[in-house]
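A.B. asks: Sequence:
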Amino acid sequence: MDVFAEVTAVVDRLRAHLGESLQSHDAPAVIAALGEDALITVMRDLAGATRIFESLRTTAAGVVASQSTREHGHSGFAQKRGHRTPVTLVQEITGSTRGEASKQVRAGTALLEATIGTTPSGVAPGGVAPGGVAPGGVDAAPGGVDAAPGAPAATPVAAPRPWHWPADEALLGGRVSTAVHDAIVQGLGAPVEGGDEAWMLAAQRLVDEASARTVEELAKSARTIRDMLDPEGAGRRFDERFERRALRTWRDEYGQLRASITFDDDGGAWVTAILDAALRPRRNGPRFVDSEEAARAAELAADPRSNDQLAYDLLIDTLRAGALADTAQVFGTRQAGVRVVVTAEALAGTGVDPSGELGSAGIGLVEDGGTAIPAWLAAQRACDVGTDEFTVDAAGNPLFVGRSARLFTPKQKAALAIRDGGCRWPSCDRPASYCEAHHCVHWARDGLTNVDVGILLCRFHHMQLHHGGWFITRAGDDFLLGNADGRDPVPMPPRGHLQYFFGGIDPPREDFAPPPRPDPRHPVVE
Numbered sequence: 001m002d003v004f005a006e007v008t009a010v011v012d013r014l015r016a017h018l019g020e021s022l023q024s025h026d027a028p029a030v031i032a033a034l035g036e037d038a039l040i041t042v043m044r045d046l047a048g049a050t051r052i053f054e055s056l057r058t059t060a061a062g063v064v065a066s067q068s069t070r071e072h073g074h075s076g077f078a079q080k081r082g083h084r085t086p087v088t089l090v091q092e093i094t095g096s097t098r099g100e101a102s103k104q105v106r107a108g109t110a111l112l113e114a115t116i117g118t119t120p121s122g123v124a125p126g127g128v129a130p131g132g133v134a135p136g137g138v139d140a141a142p143g144g145v146d147a148a149p150g151a152p153a154a155t156p157v158a159a160p161r162p163w164h165w166p167a168d169e170a171l172l173g174g175r176v177s178t179a180v181h182d183a184i185v186q187g188l189g190a191p192v193e194g195g196d197e198a199w200m201l202a203a204q205r206l207v208d209e210a211s212a213r214t215v216e217e218l219a220k221s222a223r224t225i226r227d228m229l230d231p232e233g234a235g236r237r238f239d240e241r242f243e244r245r246a247l248r249t250w251r252d253e254y255g256q257l258r259a260s261i262t263f264d265d266d267g268g269a270w271v272t273a274i275l276d277a278a279l280r281p282r283r284n285g286p287r288f289v290d291s292e293e294a295a296r297a298a299e300l301a302a303d304p305r306s307n308d309q310l311a312y313d314l315l316i317d318t319l320r321a322g323a324l325a326d327t328a329q330v331f332g333t334r335q336a337g338v339r340v341v342v343t344a345e346a347l348a349g350t351g352v353d354p355s356g357e358l359g360s361a362g363i364g365l366v367e368d369g370g371t372a373i374p375a376w377l378a379a380q381r382a383c384d385v386g387t388d389e390f391t392v393d394a395a396g397n398p399l400f401v402g403r404s405a406r407l408f409t410p411k412q413k414a415a416l417a418i419r420d421g422g423c424r425w426p427s428c429d430r431p432a433s434y435c436e437a438h439h440c441v442h443w444a445r446d447g448l449t450n451v452d453v454g455i456l457l458c459r460f461h462h463m464q465l466h467h468g469g470w471f472i473t474r475a476g477d478d479f480l481l482g483n484a485d486g487r488d489p490v491p492m493p494p495r496g497h498l499q500y501f502f503g504g505i506d507p508p509r510e511d512f513a514p515p516p517r518p519d520p521r522h523p524v525v526e
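Numbered continuously in full-length UniProt numbering, the sequence shown closes out at residue 526.
Don't read these hints as lab results, they were simulated from the structure.
Nothing here was measured: the structure is a model prediction, and the numbers come from that model.
Please note: incorrect hints may appear among the correct ones.
[Stated by the list, open to error] What follows is a set of in silico ranges between Cβ atoms, one per label pair, in the way DEER data are often shown:
no., residue 1, residue 2, range
1, G267, V3, 40 to 50 Å
2, E193, M463, 47 to 57 Å
3, S306, G95, 31 to 41 Å
4, D239, A16, 55 to 65 Å
5, A32, A484, 23 to 33 Å
6, R248, D208, 41 to 51 Å
7, H74, G255, 47 to 57 Å
8, D303, G35, 39 to 49 Å
9, D208, G255, 53 to 63 Å
10, R241, I316, 18 to 28 Å
Using N, Cα and C, we set each Cβ at its ideal position, and we do this for glycine too.
All chains should be modelled from the sequences, with the hints used to inform the complete structure.
C.D. replies: Below you can see the structure in the form of structure tokens.
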């Protein structure tokens, strides 16, 4: 990509919308007067230009870091300017937070590694590493000695790309931001020995998914994929988080008792399920509920307490009641619980064989959020509360589940939650427990209530779909979001960590196929 040609093209397009001589103090009024289509175009152009400049700024931050290492001592680039670390120098120059400056330094360091290699220790700023290229493009012979005149030029050998190259390339090309790059690279972490190829493929998949996911969801998917690729490391990290669990209380200046809690994975998932089960009506939970729960939801919606106060009162009530709590009184008809998704193979491999050998390490996923947990914990839960079995294909599509009632059954909704992991609307991060099941082929147009033509949408996006002229079609394993105004359909990809989770499952039988794409341009209310 020609950086300056691209920026010039963006500036020309902005001039066409904003005028030839836009003054900064006039910008709010000029932009406010734009039509909807022009406003979207301007915002996209500005975002694209910002990513281009951001990639250059991030690269510069990486150069600052490479010239400010411990080996440079007080002669380092940042140290000569009165800074202990390159992060604080970048923070001062950019006016960003320390966290943002750290991301720029990390991403910039990765870019240098991917393109020119990390500056070796002992090489002064501006110097040439053995076998490197001097300023001005003059090659240095091996060992740093100039090649003899007339000697044949050495054939350059391209260094292998690092595993994070897909994210680096996307950042350099202005396709992703520094925040997205950092979420992918830091989330995946360093590969295990011999794992570079698998990590590179994972990075590419996450880059491809970036346009349909928030930064937070990408980071979560990256961490979960890392745990799938490295189940032994996943168990170790689970144990480390378990060791960090803590509850601390103290009195503040008003004499009021305060608390800070660090949850382990299992405890955190349980507490989240408790709060979600009780507060879902206040957080735009599903509307298709029975009359008893609908009445409780209306009562909760009218409650004058804030959500924080309700959460506190719920916690105190739960602690006070303990094992004798009337769960229906506390939680309503939708009971609290943590659903864990695990393959039968991983579950079967958690035991000890007759020789005394432990089974292979495996992982399961918490249904809401996709947090990876050791398979042995899933086996413990299965021993306690039992299991529900679902047959799925390699894309996570449930088979042999439900048929043609008007509403999706609880088991069908559970199957959709396993496949979708939450709302499938692009960039939405609502978990499965906050979603409603949508008929892609509308019931009023003879659509069946089958899981292969169902999809999870949160309450907001489900209403947006029906009231905003949107429709969802299916092509193979893919769902597409379209609009009656003729805009190009938008892909609704499954979450990256779920694609990995189901990737090793055998494909479906040959006679299984999704239904043909329906004619979607009929504003029929489901």
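A.B. asks: Just tell me: holds or violated, for the beta carbon distance of H74 and G255 against 47 to 57 Å?
C.D. replies: holds (49 Å)
A.B. asks: Range first: 47 to 57 Å. Now tell me if the beta carbons of E193 and M463 are that far apart.
C.D. replies: holds (50 Å)
A.B. asks: Starting from the range 53 to 63 Å, see whether the pair D208 and G255 falls in it by beta-carbon distance.
C.D. replies: holds (55 Å)
A.B. asks: Evaluate the given range 41 to 51 Å for the C-beta pair formed by R248 and D208.
C.D. replies: About 42 Å separates the Cβ atoms of R248 and D208, which means 41 to 51 Å holds.
A.B. asks: In this structure, is the beta-carbon distance linking R241 and I316 contained in 18 to 28 Å?
C.D. replies: Holds, at about 26 Å.
A.B. asks: Does 55 to 65 Å hold as the CB distance between D239 and A16, or does it fail?
C.D. replies: For A16 against D239, whose Cβ atoms are near 58 Å apart, the range 55 to 65 Å holds.
A.B. asks: Kindly confirm whether 23 to 33 Å is satisfied by the beta carbon distance between A32 and A484.
C.D. replies: holds (28 Å)
A.B. asks: Regarding D303 and G35, is the given constraint of 39 to 49 Å on their beta-carbon distance met?
C.D. replies: holds (43 Å)
A.B. asks: Regarding G267 and V3, is the given constraint of 40 to 50 Å on their beta-carbon distance met?
C.D. replies: Between G267 and V3, where Cβ atoms are some 49 Å apart, the hint holds.
A.B. asks: Per the hint of 31 to 41 Å, is the separation of the Cβ atoms of S306 and G95 within bounds?
C.D. replies: holds (35 Å)
Going through the hint list in order, the structure satisfies each hint without exception.
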